[in-house]
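Quick note, the sequences are listed as chains A and B, same order. Residue numbers for the first sequence, in the working numbering: 1 to 397. Residue numbers for the second sequence, in the working numbering: 398 to 752.
Hints may contain errors.
[As the list claims (entries may be wrong)] Straight-line distance between alpha carbons at most 20 angstroms, and here's what the computed SDA-like set of lysine to any residue pairs gives: (1) Lys174/A x Asp555/B; (2) Lys641/B x Ser144/A; (3) Lys571/B x Glu121/A; (4) Lys123/A x Glu585/B.
[To be verified] Computed spacing ranges between beta-carbons, pair by pair: (5) Pro239/A x Gly741/B: 33 to 41 angstroms; (6) Lys616/B x Gly278/A: 31 to 39 angstroms; (7) Asp94/A x Asn401/B: 29 to 37 angstroms; (8) Val725/B x Ala231/A: 37 to 45 angstroms; (9) Leu643/B x Glu95/A: 20 to 28 angstroms; (10) Thr507/B x Lys238/A: 43 to 51 angstroms; (11) Asn502/B x Glu38/A: 15 to 23 angstroms; (12) Lys62/A x Ser575/B: 29 to 37 angstroms; (13) Asp724/B x Asn124/A: 41 to 49 angstroms.
No lab work stands behind these hints, which were simulated from the structure alone. C-beta: ideal position from N, C-alpha, C; glycine also.
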Amino acid sequence: MDKGIAITGMGIISALGTSAGENDSALIAGKTGLSYPEILKTIHSNLPVGEVKFSNLELAGKLNLPVAHTFTRATLFGAIAAKEAISQALLTKDELKGTGFISGTSVGGMDATEKYYLEYEEKNDHRRFIQAQHPGFTTSQIASHLNLEAYVTTISTACSSSANAIMLGARMIKAGKLKRVVVGGTDCLSKFTLNGFNSLMILSEEFCKAFDDSRNGLNLGEGAAYLVLEADDVLNGKPVLGRISGYGNANDAFHQTASSETGQGAFSAIKKALDISGLSSKNIDYINAHGTGTKNNDLSESNAILRIFGEKVPDFSSTKAFTGHTLAASGGMEAVISLSALQNDQIFPNLNFEIPMKETGLKPVSVLKKKKLQHILSNSFGFGGNCTSLIFSKNEE
Amino acid sequence: MKNNKLYINGLSSISAQPENAVFEGIINTYHQNIIPAVSPDFKSFIPAMALRRMSRAIRMGLTSAKIALKQAGMTKPDAIITGTGEGCKQDTEKFLEAILNQDENLLTPTAFIQSTHNTIGGQLAQNLECTGYNVTYTHNSASFESALMDAQLLFLEDREINSVLVGGVDELSKKITSFMYLDSQLKEEEISNPDLLKSNSSGTITSEGAHFFSISTEKSEKTYAELIDVSVFQAKTSKDVSEKILNVLQLNNYTIEDIELVILGNNGDNRFDHFYDHLQKGLFSEKVQLAYKHLTGDYKTVSGYAVWLACKIFKTGSIPEIFKLNDVTCQNPKTILLYNQYLGDNHSIMILSSN
Numbered sequence: 001m002d003k004g005i006a007i008t009g010m011g012i013i014s015a016l017g018t019s020a021g022e023n024d025s026a027l028i029a030g031k032t033g034l035s036y037p038e039i040l041k042t043i044h045s046n047l048p049v050g051e052v053k054f055s056n057l058e059l060a061g062k063l064n065l066p067v068a069h070t071f072t073r074a075t076l077f078g079a080i081a082a083k084e085a086i087s088q089a090l091l092t093k094d095e096l097k098g099t100g101f102i103s104g105t106s107v108g109g110m111d112a113t114e115k116y117y118l119e120y121e122e123k124n125d126h127r128r129f130i131q132a133q134h135p136g137f138t139t140s141q142i143a144s145h146l147n148l149e150a151y152v153t154t155i156s157t158a159c160s161s162s163a164n165a166i167m168l169g170a171r172m173i174k175a176g177k178l179k180r181v182v183v184g185g186t187d188c189l190s191k192f193t194l195n196g197f198n199s200l201m202i203l204s205e206e207f208c209k210a211f212d213d214s215r216n217g218l219n220l221g222e223g224a225a226y227l228v229l230e231a232d233d234v235l236n237g238k239p240v241l242g243r244i245s246g247y248g249n250a251n252d253a254f255h256q257t258a259s260s261e262t263g264q265g266a267f268s269a270i271k272k273a274l275d276i277s278g279l280s281s282k283n284i285d286y287i288n289a290h291g292t293g294t295k296n297n298d299l300s301e302s303n304a305i306l307r308i309f310g311e312k313v314p315d316f317s318s319t320k321a322f323t324g325h326t327l328a329a330s331g332g333m334e335a336v337i338s339l340s341a342l343q344n345d346q347i348f349p350n351l352n353f354e355i356p357m358k359e360t361g362l363k364p365v366s367v368l369k370k371k372k373l374q375h376i377l378s379n380s381f382g383f384g385g386n387c388t389s390l391i392f393s394k395n396e397e
Numbered sequence: 398m399k400n401n402k403l404y405i406n407g408l409s410s411i412s413a414q415p416e417n418a419v420f421e422g423i424i425n426t427y428h429q430n431i432i433p434a435v436s437p438d439f440k441s442f443i444p445a446m447a448l449r450r451m452s453r454a455i456r457m458g459l460t461s462a463k464i465a466l467k468q469a470g471m472t473k474p475d476a477i478i479t480g481t482g483e484g485c486k487q488d489t490e491k492f493l494e495a496i497l498n499q500d501e502n503l504l505t506p507t508a509f510i511q512s513t514h515n516t517i518g519g520q521l522a523q524n525l526e527c528t529g530y531n532v533t534y535t536h537n538s539a540s541f542e543s544a545l546m547d548a549q550l551l552f553l554e555d556r557e558i559n560s561v562l563v564g565g566v567d568e569l570s571k572k573i574t575s576f577m578y579l580d581s582q583l584k585e586e587e588i589s590n591p592d593l594l595k596s597n598s599s600g601t602i603t604s605e606g607a608h609f610f611s612i613s614t615e616k617s618e619k620t621y622a623e624l625i626d627v628s629v630f631q632a633k634t635s636k637d638v639s640e641k642i643l644n645v646l647q648l649n650n651y652t653i654e655d656i657e658l659v660i661l662g663n664n665g666d667n668r669f670d671h672f673y674d675h676l677q678k679g680l681f682s683e684k685v686q687l688a689y690k691h692l693t694g695d696y697k698t699v700s701g702y703a704v705w706l707a708c709k710i711f712k713t714g715s716i717p718e719i720f721k722l723n724d725v726t727c728q729n730p731k732t733i734l735l736y737n738q739y740l741g742d743n744h745s746i747m748i749l750s751s752n
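Let the sequences and hints guide you as you build the complete structure.
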């Protein structure tokens, strides 16, 4: 078994806080980041969201951007989180030049488009945001802000986007295509996604209750999270936060927005990740589940977990009730949360859980739990049947 | 031992030009800066019921993919990798306008469901019952190239992978495409497409299309080309581009002398065509130089057309006059290099060989 790909930096901005430290404190305290929309202007003020309580102006201030910048909200989040990851990894100016950037996002700069769509033809004021709608623009802006000059690309596979970005980064380092790469994803709350999920009738008016029998939907969130991955031969004794030891992507090939009841796609993704890692299912100490709180996802995911782990389902929890479902950013955020769990040997609770679902009887960890952790499985599933699983492992000295 | 070379064994082009007609000397001319693609007979590939609900991107993507697979004699690839620079804009626009016009009230989910960037990849998975690796890249004008790079990596790391379906798709939409006039991406004056490369003004013309390729490690009589390499990079000057090209050639054990023909992304934008000019007068001065965007317009995954063109040149041995930028000639080129950029960003190189 090889050692896996070294992670040397991580950064996150979410409804829980603007740094890994702030996120950790909230997770340990069991304090949710869910609230109601204040920054996002919407008529759906009754829907809980994991909103970052800083305006774009305040976020731009944190990055010292010039007034007429073209950073949309997802770009602002992305730059902040990626910067934190890079500074933890202590990458030098020269190293940054040879560092790649792979980012996942679902709607990119849609927030700007929905704000200015009706005025573009009349007024010239915001036309610089026209191209910002498209996901690649967000990625390029962050890369150039942070001087990342090697391979830059964008993955958009809905809610598994950043998990796929992490997977691609790990694969490229393993294949020797890159020595260093920043991977993760970013998404902001927008009227587009809030109304989209609302029209699908899968948003809950309560704080989400993943894996609970009475769960009735998800809450959207926003933010960004990134990891710095480095090849072993360029580490030079640098501290390693953890390793990516497995990854797998598979397609459910069932329905555009719903998962198959048997969780076929999820099952295959987890199985592939275990195969790559060389681990057996017994080695997994904790699963950070996708666990959105919708009827469909949680049942499908539970069935996939039961198929893989049988009688011996490891401890698992969904942290969506802390951050909201941050769509393309969720895989990145849950990678950061998993690394924090690994480093401190603790499992963050699945908030709001009361009664196991009838079909499976599975009970997630619902209070903070101290436990020695060696290997963590993290799941991310998205529209289009896209299923991705990652395995994070403690660094062996 | 299995070959580690990659072959393009099936392909399909949906663009502003009917597939194959250019090789018979027939071209469609348009006097407009936004040009819809020529629709193939979608009904032969997609059941009428399903077709009604599909936007152009999904129709074009599915149809192109099915043609490419059929040509290669494949039914189910091991993986599906899609590139789309701007995704399903028609459904995005429909849902967005509904939100804005109805003040977030009484919305139906269909357009939202189909607006996701990976809709085409997901639909292909369902349609072909392909449960393998499935990822969508949406990185500006390097979306298709990113997808190809991932395919190369997949073959490299997994010897059991036998075939990968790779493609690029982009569609026009009414408003979002028209916004390209407002930020100088399109020319202010409407032009006739055959004159695009002679126009000395800023901006370009745009269109839509789908280009899918069935890639395999197995060479057969169906094989069009060998995919040698793909590279996406940042460059500030033409000099950076020349250096990168030489570097990529060297990494693949080629020299500039091995390249007989180049396909360039000239789009008539006098702010950025200098990237091509410099190569035409320098590194590529003795090569057969072709351009294609005067036939297809420029859009984020149009480089799929350039790959299609290179493959067709290998297969037919002919080079239609309409593509030629210079008088250099060559019989049956063996190695073709493709170079593209958009607005000075997302530069890409692809190398194909007739082996």
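Each hint tested on the structure:
1. Lys174/A x Asp555/B: holds, 12 angstroms
2. Lys641/B x Ser144/A: holds, 19 angstroms
3. Lys571/B x Glu121/A: This hinted pair holds, its Cα atoms lying about 13 angstroms apart.
4. Lys123/A x Glu585/B: Given that 20 angstroms is the threshold and the Cα spacing comes to 17 angstroms, the pair holds.
5. Pro239/A x Gly741/B: 33 to 41 angstroms: holds, 39 angstroms
6. Lys616/B x Gly278/A: 31 to 39 angstroms: Holds: the Cβ-Cβ distance is about 33 angstroms, inside 31 to 39 angstroms.
7. Asp94/A x Asn401/B: 29 to 37 angstroms: Hint holds: Cβ distance 33 angstroms, inside 29 to 37 angstroms.
8. Val725/B x Ala231/A: 37 to 45 angstroms: Holds - the Cβ-Cβ distance for Val725/B and Ala231/A, about 43 angstroms, lies within 37 to 45 angstroms.
9. Leu643/B x Glu95/A: 20 to 28 angstroms: holds, 24 angstroms
10. Thr507/B x Lys238/A: 43 to 51 angstroms: holds, 50 angstroms
11. Asn502/B x Glu38/A: 15 to 23 angstroms: At roughly 21 angstroms between Cβ atoms, Glu38/A and Asn502/B fall inside 15 to 23 angstroms, so the hint holds.
12. Lys62/A x Ser575/B: 29 to 37 angstroms: holds, 35 angstroms
13. Asp724/B x Asn124/A: 41 to 49 angstroms: Holds: the Cβ-Cβ distance is about 44 angstroms, inside 41 to 49 angstroms.
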